[in-house]
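2 protein chains.
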Amino acid sequence: MKKLFILMIISLAITIQGQAISPDSLKYINASNFEIINKGFTDTENLYDRLPANLNGKTRPPVWSLSKNCSGLAIRFRTNSSVIAARWEVTGDVTMNHFTPTGIKGLDLYCLKNGKWQFVNSGRPAGKKTTAIIIDHMLGKDSEYMLYLPLYDGLVNLEIGVIPTATIDNPILNSPRKEKPVVFYGTSITQGGCASRAGMSYPNQLSRMLDRQIVNLGFSGNGQLDLEIAEAMAGIDASCFVIDCLPNVSVKQMNEKYADFLKIIRTKRPDVPILLVETILFPHRNFDQSIYALLQEKNSTLIKIFNDQKSTGDRKIFYQKADQLIGTDGEGTVDGVHLTDLGFLRMSEKLYPVISKLIKSNN
Amino acid sequence: MKKLFILMIISLAITIQGQAISPDSLKYINASNFEIINKGFTDTENLYDRLPANLNGKTRPPVWSLSKNCSGLAIRFRTNSSVIAARWEVTGDVTMNHFTPTGIKGLDLYCLKNGKWQFVNSGRPAGKKTTAIIIDHMLGKDSEYMLYLPLYDGLVNLEIGVIPTATIDNPILNSPRKEKPVVFYGTSITQGGCASRAGMSYPNQLSRMLDRQIVNLGFSGNGQLDLEIAEAMAGIDASCFVIDCLPNVSVKQMNEKYADFLKIIRTKRPDVPILLVETILFPHRNFDQSIYALLQEKNSTLIKIFNDQKSTGDRKIFYQKADQLIGTDGEGTVDGVHLTDLGFLRMSEKLYPVISKLIKSNN
Chain A
0 MKKLFILMII
10 SLAITIQGQA
20 ISPDSLKYIN
30 ASNFEIINKG
40 FTDTENLYDR
50 LPANLNGKTR
60 PPVWSLSKNC
70 SGLAIRFRTN
80 SSVIAARWEV
90 TGDVTMNHFT
100 PTGIKGLDLY
110 CLKNGKWQFV
120 NSGRPAGKKT
130 TAIIIDHMLG
140 KDSEYMLYLP
150 LYDGLVNLEI
160 GVIPTATIDN
170 PILNSPRKEK
180 PVVFYGTSIT
190 QGGCASRAGM
200 SYPNQLSRML
210 DRQIVNLGFS
220 GNGQLDLEIA
230 EAMAGIDASC
240 FVIDCLPNVS
250 VKQMNEKYAD
260 FLKIIRTKRP
270 DVPILLVETI
280 LFPHRNFDQS
290 IYALLQEKNS
300 TLIKIFNDQK
310 STGDRKIFYQ
320 KADQLIGTDG
330 EGTVDGVHLT
340 DLGFLRMSEK
350 LYPVISKLIK
360 SNN
Chain B
0 MKKLFILMII
10 SLAITIQGQA
20 ISPDSLKYIN
30 ASNFEIINKG
40 FTDTENLYDR
50 LPANLNGKTR
60 PPVWSLSKNC
70 SGLAIRFRTN
80 SSVIAARWEV
90 TGDVTMNHFT
100 PTGIKGLDLY
110 CLKNGKWQFV
120 NSGRPAGKKT
130 TAIIIDHMLG
140 KDSEYMLYLP
150 LYDGLVNLEI
160 GVIPTATIDN
170 PILNSPRKEK
180 PVVFYGTSIT
190 QGGCASRAGM
200 SYPNQLSRML
210 DRQIVNLGFS
220 GNGQLDLEIA
230 EAMAGIDASC
240 FVIDCLPNVS
250 VKQMNEKYAD
260 FLKIIRTKRP
270 DVPILLVETI
280 LFPHRNFDQS
290 IYALLQEKNS
300 TLIKIFNDQK
310 STGDRKIFYQ
320 KADQLIGTDG
330 EGTVDGVHLT
340 DLGFLRMSEK
350 LYPVISKLIK
360 SNN
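Heads up: the protein sequence lines correspond to chains A and B, in order. All residue numbers for the first sequence refer to numbering that gives the first Met the number 0, where the first residue is 0 and numbers rise by one. All residue numbers for the second sequence refer to numbering that gives the first Met the number 0, where the first residue is 0 and numbers rise by one.
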């Protein structure tokens, strides 16, 4: 079995690489020296956390634990190195049967080229600790980079490797723009399950499309309208809030907590657009009658909540129907529920014009 | 670490499922009782193999070993069960860091609905042996199904589970049509690396689009123009041959073997269309100068080989340029090389009209 595994690894390696540089010949700089983006809170326990330290013990343990996953966070830097590598250690070495390890706990490098963020390559994880060349044989021109961190694991440590004679420093350009980020609250899907690599989660794709930082508060299985999360969100000077948590809440929870969740945000942010998103229409609903009925019920409950909120005089509350959010061919998921890069691209393309307009209305 | 893993599994499970049936309460029927499709050869060592038994010892060991992976094979059946489950054991329990276990060794169920194959749900693997409910709460209407087998692992055994009172039998409808299949020869990408689930590899997508069986002879890392494979391919009464192996061969190998490979097919199949496919343009070629030069060199070598073949009087040889095969945004791969569901959909949509036309010319 082990032999076959090794054979597969070797045989899957496409035999096209040029002479590769040894990762040991590079110099490594701790990523904490560079700008970290898409982070909603500065007062975190650890650098790569997603919730403020004061929520430890206040929010439910699974939410707290998931806030240690780095989804959405990215390191911004520039370098003239012809090689970029990374050395990183994850906290959990998580594995899941419908998710690539590269998406769960790998890295994903983009470069700003002609004003657009272009995929460079991913850092594929070897286990708890990895050293990997991400890209080699570049021209060595000074360029701006963005390195997305793991979607479903935490980081103990991260270092970026470049050739010893290269310069590496903080970015010059403000892209994705950091002022007034968009804040997403939601589920495993929001957290990025199951993108093949970090850059393909829909919040990360939208961040590039909108040229705007996006704070990812997706908590796998636990986007359950916890009110202390609404309070934390309200503390962010956001351009827009997107609430996309329906797959994780029961209709009972929606009726009990959704209005309060909105009220808490509105206390501090009365005029910031809030977009309520219906649950996506899981493709297997066309076969599973129980799922079909549940999705219908949740989305009609959301319309009611939206209308109630509007009737309080809220003129900055908006509604996103699920229609076609992930396409209509049923092919956008790995398991009926969690989106692949295909589903995430479709969702991003549908949400882009909507959120773009909401941000503008709040500029 | 183990604790966190279990937590992640639990928390990723979306809390929307209705009361699920126990897999133990179902009856299981060995899949060998039903039609197996997309198989190029009947004289195989084991039911789920992709090469004829007489190539054991004749073809290189890695090719032989990879021929035991089930990529492309599917089971066709019909049932009126409201639940469909599966029990299966894989040969290798393969894992790879850029590939979902569901794609590597899971199952993928489609149903023929209004004349089109629709995704039902995937069977997510638990390890070497799995029992899993694939879909529940269906209406229990007699329907035609197709269950795709693992892309990158072999099968020791597979049983399909239905409710004890349900009927399950061979299909009535001939879809995807079995007469004159299309035969694909190629690489890890052809074999389906790295689709999130089996139905999303480009040969499997094309099979649904074309409503035609497709024989998958993709051998990860080993699509190296082995001449005995050309002989085996020539034995198939194909509607079209697609040769998409460039990522696995050096320019030297192309010059030494490509013409002979074509000659062997032409000896037995003088009039069957053969489509030569350029190597896809790996997105990281925009950064890695060495890859860029190599792709250019391989594709210009292929043009020469194509022209040489044409000049022998071959009027059924065709050429597929790589332009836009996987899109132009650089987002179609997990690692610069292997396609995600997004890249595979784009490639299928580009190849569909081309192959469709070639098949018609040979009907």
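It should be emphasised that the hints constitute simulated quantities derived from the structure, not laboratory data. Fair warning: there could be bad hints in the mix.
[To be verified] Computed list of chain B residues with no C-beta within reach of chain A, every gap over 12 Å:
1) S174
2) K262
3) R284
[What the hints assert, rightly or not] If the Cβ cut is set under 10 Å, some of the chain A residues that face chain B in the computed set are:
4) D42
5) G114
6) Q117
7) F118
8) H136
9) C193
10) G234
11) H283
12) Q288
13) T300
14) K303
15) D307
16) H337
17) D340
[Claimed, not checked] Taking lysine-lysine and the DSS-like style, the derived pairs with C-alpha atoms no more than 30 Å apart in a straight line are:
18) K349/A with K297/B
19) K297/B with K112/A
20) K115/B with K320/A
Values in this document were obtained by computation on a predicted structure and should not be read as measured data. C-beta atoms are modelled at their ideal positions from N, C-alpha and C, and glycine is treated no differently.
These are the hints, each one checked on the structure:
no., hint, verdict
1, S174, "17 Å, holds"
2, K262, "24 Å, holds"
3, R284, "10 Å, violated"
4, D42, "24 Å, violated"
5, G114, "14 Å, violated"
6, Q117, "5 Å, holds"
7, F118, "4 Å, holds"
8, H136, "4 Å, holds"
9, C193, "7 Å, holds"
10, G234, "25 Å, violated"
11, H283, "5 Å, holds"
12, Q288, "5 Å, holds"
13, T300, "13 Å, violated"
14, K303, "19 Å, violated"
15, D307, "23 Å, violated"
16, H337, "8 Å, holds"
17, D340, "4 Å, holds"
18, K349/A with K297/B, "38 Å, violated"
19, K297/B with K112/A, "26 Å, holds"
20, K115/B with K320/A, "26 Å, holds"
Hint compliance for this structure: hints 3, 4, 5, 10, 13, 14, 15 and 18 are broken, all remaining hints hold.
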